Amino acid sequence: MEGSVLVIGGGIAGIQTSLDLTELGFKVYLVERTPSIGGRMAQLDKTFPTNDCSLCILAPKMVEVFRNPNIELMTYHEVKEVEGKPGNFEVTILKKPRYIEESKCKGCGDCAAKCPKIEVPNLFDMNLGKRKSIYIPFPQAVPPVYVIDPKLCLKLTKDVCGVCSKVCKAEAINYDQKIEEIEIKVGAIVVSTGFDMFGEELSSRWGYEYKNVVNALEYERILCASGPFAGHVLRPSDQKEPEKIAFIQCAGSRDLQEGIPYCSSVCCMYTAKEAIITKEHSENAECFIFKHEIRAFGKNFYEFTRRAEEEYNVNYIQTKISSIEEEKDSNDLIIYYEDLEEGSFKDFKANLVVLATPLVPSIGTRDLASILDIEIDSYGFFREKNSFYKSLSSRKGIFLTGFCQGPLDIPETVANASGVASEVATLLSSKKFTQIKEKVFEISEKQVKNSEIPRIGVLICHCGINIGKYVNVPSVVEYIAQLPNVVHCEDNLYSCSSDSQERIKELIIDKNLNRFIVASCTPRTHESLFQETCQEAGLNKYLFEMVNIRDQCSWVHMNEIEAATLKAKDLIRMAVAKSKLLIPQKEDSLKITPTALVIGGGISGMTAGLDIANKGFDVFLIEIEEELGGNLRYLNKLFPNHDKASDFVNPIIEKVENHNKIQIFRNSVIRDIKGYIGNYNVIILNSDKHEVELKIGTIIVATGAKELKLKHISGTNIEKESNIFTQLELEKKLDKKEIGWIKKSKRITMILCAGARQDEGITYCSNICCCVSLKNIRVLKEINPDLQIIVLYRDLQMAKKEFENYYRERRNDAIFLRYSLDKAPKLRKNTKKDESYSITVFDTNLQDYVEIESDMIILSTPMIPQDGLEELAKMLKVPLDQSGFFLEAHVKLRPLDFATDGIFLCGCAQWPKNIQDSISQAKGAAGRASRFLNAKEIQTSGLISEVKEGKCIGCGKCVETCPYNAIELVEVSRDYEIASLIINKSSVNAALCKGCGTCAATCPVGAISVKHYDFNQINVMIDAYLLEKSY
Amino acid sequence: MTKTQIKAKKEEVEPEILVFCCNWCSYAGADLAGVSRFQYPPNIRIIRVMCSGRVDPSFILRAFKDGVDGVLISGCHIGDCHYISGNEYTRKRFEKLHKVIIEQLGIDPRRIRLEWISASEGKQFADLIKDFTNEIKKLGLVKQYYLV
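Line by line, the protein sequences give chains A and B. Everything in the first sequence is counted per this note's numbering, starting at 1 for the first residue and increasing by one. Everything in the second sequence is counted per this note's numbering, starting at 1032 for the first residue and increasing by one.
The set of hints was computed from the structure by calculation and includes no laboratory data. Owing to the predicted nature of the structure, the values given are computational and were not obtained by experimental measurement. You may find that some hints are simply not true.
Said to hold, decoys possible - Selected chain B positions facing chain A (Cβ under 10 Å, derived; list incomplete):
| # | residue |
| --- | --- |
| 1 | Ala-1059 |
| 2 | Ala-1061 |
| 3 | Arg-1076 |
| 4 | Ile-1077 |
| 5 | Arg-1079 |
| 6 | Met-1081 |
| 7 | Asp-1087 |
| 8 | His-1108 |
| 9 | Cys-1112 |
| 10 | His-1113 |
| 11 | Gly-1117 |
| 12 | Thr-1121 |
Claimed, not checked - Using 30 Å as the maximum straight-line C-alpha spacing, the simulated DSS-like pairs for lysine-lysine come out as follows:
| # | chain 1 | residue 1 | chain 2 | residue 2 |
| --- | --- | --- | --- | --- |
| 13 | A | Lys-948 | B | Lys-1127 |
| 14 | A | Lys-469 | B | Lys-1161 |
| 15 | A | Lys-449 | A | Lys-439 |
| 16 | A | Lys-1011 | A | Lys-61 |
| 17 | B | Lys-1154 | A | Lys-169 |
| 18 | A | Lys-877 | A | Lys-591 |
| 19 | B | Lys-1127 | A | Lys-877 |
| 20 | A | Lys-743 | A | Lys-720 |
| 21 | B | Lys-1096 | A | Lys-951 |
| 22 | A | Lys-985 | B | Lys-1123 |
| 23 | A | Lys-1029 | A | Lys-449 |
| 24 | A | Lys-826 | A | Lys-320 |
| 25 | B | Lys-1127 | A | Lys-985 |
| 26 | A | Lys-733 | A | Lys-744 |
| 27 | A | Lys-877 | B | Lys-1123 |
| 28 | A | Lys-1029 | B | Lys-1169 |
| 29 | B | Lys-1127 | A | Lys-1011 |
Using N, Cα and C, we set each Cβ at its ideal position, and we do this for glycine too.
Extracted from the complex, chain B is given alone in its bound form:
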C-alpha cells in the first residue's frame, strides 16, 4: 500500500482520538497495558501532562477545531491524585466546561470522555480505548458531519 493509500484508508474509517494522560496514574496504566501486551486500536495519540488538572478547556476546543474525532481525558482515581486534589478540579471542569463547550459547538458530547485509570489498570486502559474507539466509530468521523 502506498502512503497515499494508507492516508485514504485512514480517513475513510479510522477516527483520530486525542488522549490526555496524567503522568502518575493513567500514563503508568497505559505503560502497563504495553508491558502486558494488551492490544487496543491504534487510533489514539497520548499527550502526557503531569496532572489531569492541567487540561485546559482551550486544548479541547483546539483539538475539535483541528478536526479530532474524540478526546479522552484520563487521571488518577478520585482520592489518588498525586497532587492531592488536581483531579477534583478536572472532574468539575469536565462537567461544567468541557462538555458544555463542545455541546455548544454542536458536537456530540459522547465524543469527549473523562475516565480514571490507575497505574495497575493496564487491562482497563486497553478496554477503555477499545470501547471509546468503537463508540467514536459508531458516531462517525467529525469531518463527515460537521463544518469545522
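In isolation and in its complexed conformation, chain A is listed as follows:
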C-alpha cells in the first residue's frame, strides 16, 4: 500500500483536499491540466453572500500549495492511464511541453513583454482580455511559470523570431521540449475536475452569439478589478457603460430542451451578487433580474437576495423568456418574455444581458471517467456510489469531490474536500507519514544574543532586468554597504535561484553574519524560501528580513530611475534599521492529547465520531438525550431514495455503540470547558448526575437543530388543531403501523415556508423543508393514490442535481400553487364535526384568489437552533450568528472551523441541512480535527504577542479586542512589605495567538506587543526613513 494520493484538478476542491491530506500524513501529486492551479474560484470577482474578494482568500491557499514540500504540483499535466487497485494504483501522467524549464523560470515576464506575436484572447478572462503567445494565465498564477502557446509561437510554427529565448536572463526557454510520460504509484485517487459554463452550446433563443450577451463567468471578469476592463462595468461591443443590465436566471438550466434537467444551484445567489456589485461600481446602472424562482437556501442567502432588492434597488421580475434578439445599430438587446405576475407578453430593451447559463461537468469528464474506469450519471457528472455518501465513486479507492459530482457552492465544496481527505486518510491509515518529508536542518542553530553586535548581510537582486533596468542596483549596493553594521552587501541576477541559496548560506557562515536581508520581490511568495535558507545555515529564520524593491520600486516607477533608486535605498535602509533589532524567536511545540469530544449524537456527531475513531483516536460522544440518532429517529423515509430511516440510522447507531474507541455519555450535558487546543479539560455531568472530567485534544460541535412549532398561522391559532401539524409530526405518524387515516383522507394541503422567510422573526430559508415536503407527497400518494394534495409554496429549493427531476415527478402527484408573502394563505375552520378547513390563497400565477377545501393541513416549518446554544457557545468561547446557529471561521473557505483553533463544526448546528450535506460536513470536520490529533504536537508561530508584565495594568482591553480568545487575565500575587495583593495581568496563549497585533495597538500603556513587529522595530523604520537620509 502507498502513502501517497493523486488529486486530479487544481481548483478549490483539489487545493483543499491536497492541503488537508498532507496534514493528515500523505504525499500528494496534484495534477492540473491548465498551466495554473486556482480553477474557477480564481476567476470570480467576489463571493456571495459576504462579497469577499475571491482571489484575496484563495491566493494564500494557492501559495500554500506551492510551498508545501509534500505536494508535488503537476500543472499542465494530464492523467493518461490508471491501473491497479485501492492502495496500489499505478498512474501514467502526461507532462505537456511548456517550452519553458519550470525550475529556471522566475516568472519575471520579460519574455512576454518582448514577444511580438499579436495578442490573442485570454482564456482566464473568458476570452475578453488579451495575452501574447508566451504567457502566464493570470498575475497570481501558481506556479509563477510562463508557457508558450505552440499554435501561435512564431519560433515553434515557422522557426523565426526566438526573441523570448534572447531576452530570458534565466535561460529558461526550451523550444525542444516534448511530451513526457511520468509513472507514479499512489494509494488512492481523488477527482476534483470541476465545471464549465455553457455559452455557445445554448440554443439560439438565448442570444449568446450577440456581442453584448455574456455568460455570468464572463461578467465576473468584467466586474473584476484585475479583469479586462480593470473593474469598470463596460459592455464588450463598444466598451461603454451600460445603463440597463438584464440578468437572466435559469438560462438553459432546468430545461429539458437544452438537455440540462437540473438546477445549477448557485446562479440565484451569484446573480444577486453580480447585481449588487454592479450597483456598487456604477450608480447609474439599473439592474433587472429575470427570475424563475429564488433558490437562496444557504446561510444568509435569502436575506442577501432581499438586500439586493431592497437596499440596492435591483428589480426582480417573475418571467419566462421567449427569446433575446439584437437591435442592429445600437447592439442593444430586446428580451421577449412572458411576465408571469401579469400574465402578459412583453419586451424589454437592455444594453447588456448577463446569462446565468448551466454549469456542466468540465470538458473531458467522460474521457477521464473511462481512463479511471468510473461511472458517469445521466447528467454527465461522475456518479456517486450512494445518495448519502456522495464522495465515493463507483470504483473503490477513487473518490469524488467538488462540482464534478454535481452542483455545489464553494463552502460545500471545501467541506466536502476536507471530508474526502479524511476518508482517504482512513483508507490508507496504515501508511500515514510514510512518504512525508520532514525538514531536518543539518547545521544546528547558532545562538544570537541581544547584546551581540549586529553583523548584517544584504543581497540585492536584479531579477533579470526587472529590477536592474529601472533601479541603479550598483549604486544601491555601494550605498547600503557603507551603512553601519552592514558587513557585506552584494547583488546578483536572481536571488531565488538555487545557486543563490548556496551563496546566502556561504555568506552567513563565512562572514559570521547574524542578520540577513534580501532586497528583491514580495515576501508574500518568497520570504519563506529565504527564511529556510537562513535556517539551513544555522541562522534563526526570524533574523531574516525582506525588502520588496521590485513590486514597489522598479515595476511602479519605470520612467523614474533616480527616484526608484532612492526609494530602494530608503526601503533597504529601513530594513537594515529593523534588522538590528530582530530577535531570534522560538517556535514552541505544543503537545496534543489525542482524544476528541463530539457534542451531539445525531447523524453528524455519529459520523464525525466514527470517522475519528476509525483513525484510531479515542472519542467521547456526548448526547443530551437517552438515545442516539437525533432527528433521524423521528423520520419515516429518507429523501431522495425513500429508504426507511431506521434501516439507515440503526446500523450507524450500532457501529457507534460497539466501537471500542468511542465512549458514549447519554443524558449528559457539558458543565465546563477549560483550556485550549490540544489541552482541554472538559467537565461533563453524566446521567447519574456525577461530574466526569475528560482530557480532550479537539472538540467537534454537532448539536443539530430542531423543527419550529408554530402557534399561529396567518392569525389563526392552531395549537389545539389535531388536523394541522408539521412535517416532522407527519413523519412520526407515518412511522407508526396505523395509517388507516391516510386512506380515509381525501384532501391534504401543505403550506410551505410556514414561519420561514418572514419579514420579522425567522427571516431565513431553512433549506430542507421543500425536499421533506415533496418526499412526503410521494409517501402519502403511495399509501393513498386517490389523495388530493395541494402544495402552497413560494419558491421551491430543489437545487441539487437529482432534486429537480424529483420535483418534476411530484408535479404529477400534487397541485402546486404559488403564493407571496404579502398575500399569505388564510385558514378557516369549517365545522367542528368533520374538522375540515377552508384556505384562501392568492395564486400569483393565476393572479387571483383561490379557495381550497382541506381535511388536513401540513405545515413545513423551518429548522431552528437547539436550545441552550448560548451557554455552550460561551463555554467554548465561540460565536453564534444572527439566527442563533454557530458561526464558522469563514463562510467560504473555513466552513467547518471556528476562529478558535481546535474546535470544529458540522451539520445543522451550523445551518439547516440535509443528511448528505450533514455527512459530508461531519467527515470534513473529523478530518480537520484529525490533522491535529495526528500531529501529536503542533508548532506555535514565533510571531505572537507578548506581555510585559511589569507594565500591564490588567485593564483587559486586549482581552476584549483579541479575535481569537488568545489573551486572558490571570491573577498574580504581588508581595509588598505590609501585604500581598492579587492583581490581574494579561497572559497570551501561544497556541491561539495569530500575531495580528491588534492587542498591541489597543493597550493604553504599551505593555503588550507583537514579536517581529514590535514598537521599537517599527519606530526605527519610521526614523530611518525620515531622519537618516544620507545619500
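Got chain A; can you put chain B on it based on the hints?
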C-alpha cells in the same frame, strides 16, 4: 545630478509619505499594482504589518514628529479582515484617535488617510497613491508650515 542636488530637489517639491499596509489585502494589492506595472508617484515608503489593526497611534505621532508629510493606513475591506475584525478596530481608532491626535498637533487632518485595498485592487492602489500624493503636494510640505 549629484546626490546633493537630488536631495535638494526632493526637499523642494517631493513630499514624504509613509504607508502602512496589512500583509493580506493591501500589501497584496500593492504587489498587484507592481505586477500589472501600474505607475504611481515614488513618494511613498511602505511598512508592512500583519494587520492594519497593528497600527498604533504612537507610530503616527512619531512619523509626524519626524517630519513626514502624509500617512496612509491601508487594510482589508470591512468584512474581509484576515484576522476577522482587526480592521474594525483600525477604523474606530482612526476616527477617534489618529485623526484627533494630529488635529490637536495642529496638522491638517487631510494628511492622514485610512483606505481599504483588497488583493485584487492593484489599479485602485496605484490610483489611491496618485490621489493622495497630489493632495499632499497641494497641502505642501510639513516643514514649510509647521515647527515640528
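Would you list, in rising numerical order, the hints stated earlier that this structure does not obey? Nothing - there is no hint that the structure violates, so all of them hold.
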